[in-house]
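*Asks:* Each chain, letter by letter, is given below.
There are 2 protein chains.
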Amino acid sequence: MTEILVSEVGPRDGLQSIKAIMPLAAKKAWIVAEAAAGVREIEVGSFVPPSLLPQMADTAELVRFARDIPGLNVVALVPNAKGAGRAVEAGVHGLSIPFSMSETHSIRNVRKDHPAMLAEIAEAARIAREAGAHFAVGLATAFGCTIEGSVPEDQVVRLATAAAEAGALEFSLSDTTGYADPAQVRRLVRKVKAAVGAEMLTTLHLHNTRGLGLANALAGLEEGITTLDASLGGLGGCPFAPGASGNLVTEDLVLMLNSMGFSTGIDLEKLLEVRSILIEALPGEPLYGFTPDAGPMLDYNERIAR
Amino acid sequence: MTEILVSEVGPRDGLQSIKAIMPLAAKKAWIVAEAAAGVREIEVGSFVPPSLLPQMADTAELVRFARDIPGLNVVALVPNAKGAGRAVEAGVHGLSIPFSMSETHSIRNVRKDHPAMLAEIAEAARIAREAGAHFAVGLATAFGCTIEGSVPEDQVVRLATAAAEAGALEFSLSDTTGYADPAQVRRLVRKVKAAVGAEMLTTLHLHNTRGLGLANALAGLEEGITTLDASLGGLGGCPFAPGASGNLVTEDLVLMLNSMGFSTGIDLEKLLEVRSILIEALPGEPLYGFTPDAGPMLDYNERIAR
Chain A
0 MTEILVSEVG PRDGLQSIKA IMPLAAKKAW IVAEAAAGVR EIEVGSFVPP
50 SLLPQMADTA ELVRFARDIP GLNVVALVPN AKGAGRAVEA GVHGLSIPFS
100 MSETHSIRNV RKDHPAMLAE IAEAARIARE AGAHFAVGLA TAFGCTIEGS
150 VPEDQVVRLA TAAAEAGALE FSLSDTTGYA DPAQVRRLVR KVKAAVGAEM
200 LTTLHLHNTR GLGLANALAG LEEGITTLDA SLGGLGGCPF APGASGNLVT
250 EDLVLMLNSM GFSTGIDLEK LLEVRSILIE ALPGEPLYGF TPDAGPMLDY
300 NERIAR
Chain B
0 MTEILVSEVG PRDGLQSIKA IMPLAAKKAW IVAEAAAGVR EIEVGSFVPP
50 SLLPQMADTA ELVRFARDIP GLNVVALVPN AKGAGRAVEA GVHGLSIPFS
100 MSETHSIRNV RKDHPAMLAE IAEAARIARE AGAHFAVGLA TAFGCTIEGS
150 VPEDQVVRLA TAAAEAGALE FSLSDTTGYA DPAQVRRLVR KVKAAVGAEM
200 LTTLHLHNTR GLGLANALAG LEEGITTLDA SLGGLGGCPF APGASGNLVT
250 EDLVLMLNSM GFSTGIDLEK LLEVRSILIE ALPGEPLYGF TPDAGPMLDY
300 NERIAR
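From first to last, the protein sequence lines are chains A and B.
Using numbering that gives the first Met the number 0, the letters of the first sequence map in sequence onto residues 0 to 305.
Using numbering that gives the first Met the number 0, the letters of the second sequence map in sequence onto residues 0 to 305.
All clues stand as given, with none of them false.
Computed footprint of chain B on chain A; a stretch qualifies when at least three of its residues, placed anywhere within it, have a C-beta under 8 Å from a C-beta of chain B:
(1) 205 to 218
(2) 254 to 262
(3) 278 to 291
What the hints contain is simulated information worked out from the structure, not anything from laboratory work.
Predicted model only: the values in this text are computed from it and were never measured.
No residue lacks a Cβ here, since even glycine has one placed at the ideal position from N, Cα and C.
Using the sequences and the hints, build the whole thing.
*Replies:* This is the structure we're talking about:
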């Protein structure tokens, strides 16, 4: 059985996109419950200035808390080298920095053009290396940008190559804006792998903005992707990319992967129960997903035992 | 460009599953508007006794009406040979009969066991042949049953073979219950094609009950499927299979196919406008789909021009 890592990004991508601030105790309960359901990696927050995203102000405390959960890989997002310093200080196992393939999006999002971002990547890579932390570069808006429209595939390849030269050891292809279609996923995964080496691109970060999320995930799996980001209840989006709402729904993704015979290590029934923490802590916040309503198929246990 | 036929089944599968009865004028407006958006096949209704499904009482009139729309393939569902007679009398271009792979589901749905259904298929095939109408058998509950649970793949293959011997010239694999996963779609499409001939299985009828609809569609496309049933607004389900709600959403499916470079002949912008007919004629009825909210990607026109 192929092992697929489902990386829960809800506490970061989900919570940063909504106005409500989830109390620290609820965040902790969420992380503990997902880990108990078998989730092996959680992006617990981002090291951005609290003045910009107050939802993420407790990230350092969450990192320290989550590190005590046995077997859990604790990762965080950082916007720049300064954030990387704070992340390793808090003790993350891994950190990732988004590098927007659309320069306009990069400037709006983190007020840095591509050369400035490559300098940040080099410095963040150095900080991560010295701390012994994993370091990934998220190739954001790789499938299109809500400001620029299409992002040329050659541009993604060129910038990925430049980021690798700057010290990136691992990439994720990020559909920040929910623009990807399955054919594009296949093409771009192949092209980036060809440019930087297959072992350096194992992760997709997808959004379900147009309902294509799981189809895009399937296309990625067929191209050898082994890590998929997802958010419980599909919570999330990008506050700087209007209209881009909702990651892959963790519940539906796990149903799909487990049913197909992939090994995720995640107990779907337990995962579905975690949703109640979000419902309680974020009253009125829309949650997505079909499996929570329909439940697993009657023969779900037969499928996963196959 | 590979041509994919998107077959709109909303006026049948959608409307039969809800309590509200759509007025005939609204049904006609819906069919006209979808045809004008480029939809080339519509399942306009089913020939079941109006006492069982009053929503379908005007199917004969709809068939006669829709036949006057140039270039539109007008199809209807029939539960048995008697329905087949009514369908060809009304002038359908094609008719399909559901044959439930789960015998329990078959008995509950149409009160017939498998041998009785094979006799109906033989008789309906004869009626269609004499009238010069297309005739398809829908292998219903092929991916699992809400009553029996798993449906063995060998059973589907055996019953498809028996139906071919009874006169079926064409099949669709129907995920009546929203149980399918992409790996299963691939396996079952391959097995049934191997048993009855690849040219006899070109259609998938999928539901989005657990959010896996488009991923399953993608798996089917990769196995050579060229016709996909869908319902505008994801309206629909099976009234005899509790919990099984919502076909593939036509809007999201067309976005995916067109973006990927398949040729559907459907103008997405025009299709999105058709939704207003449903909203007006079925007040309060839940509609599904992400593309209607998010709209096409900024670079959608570039994608489809490629």
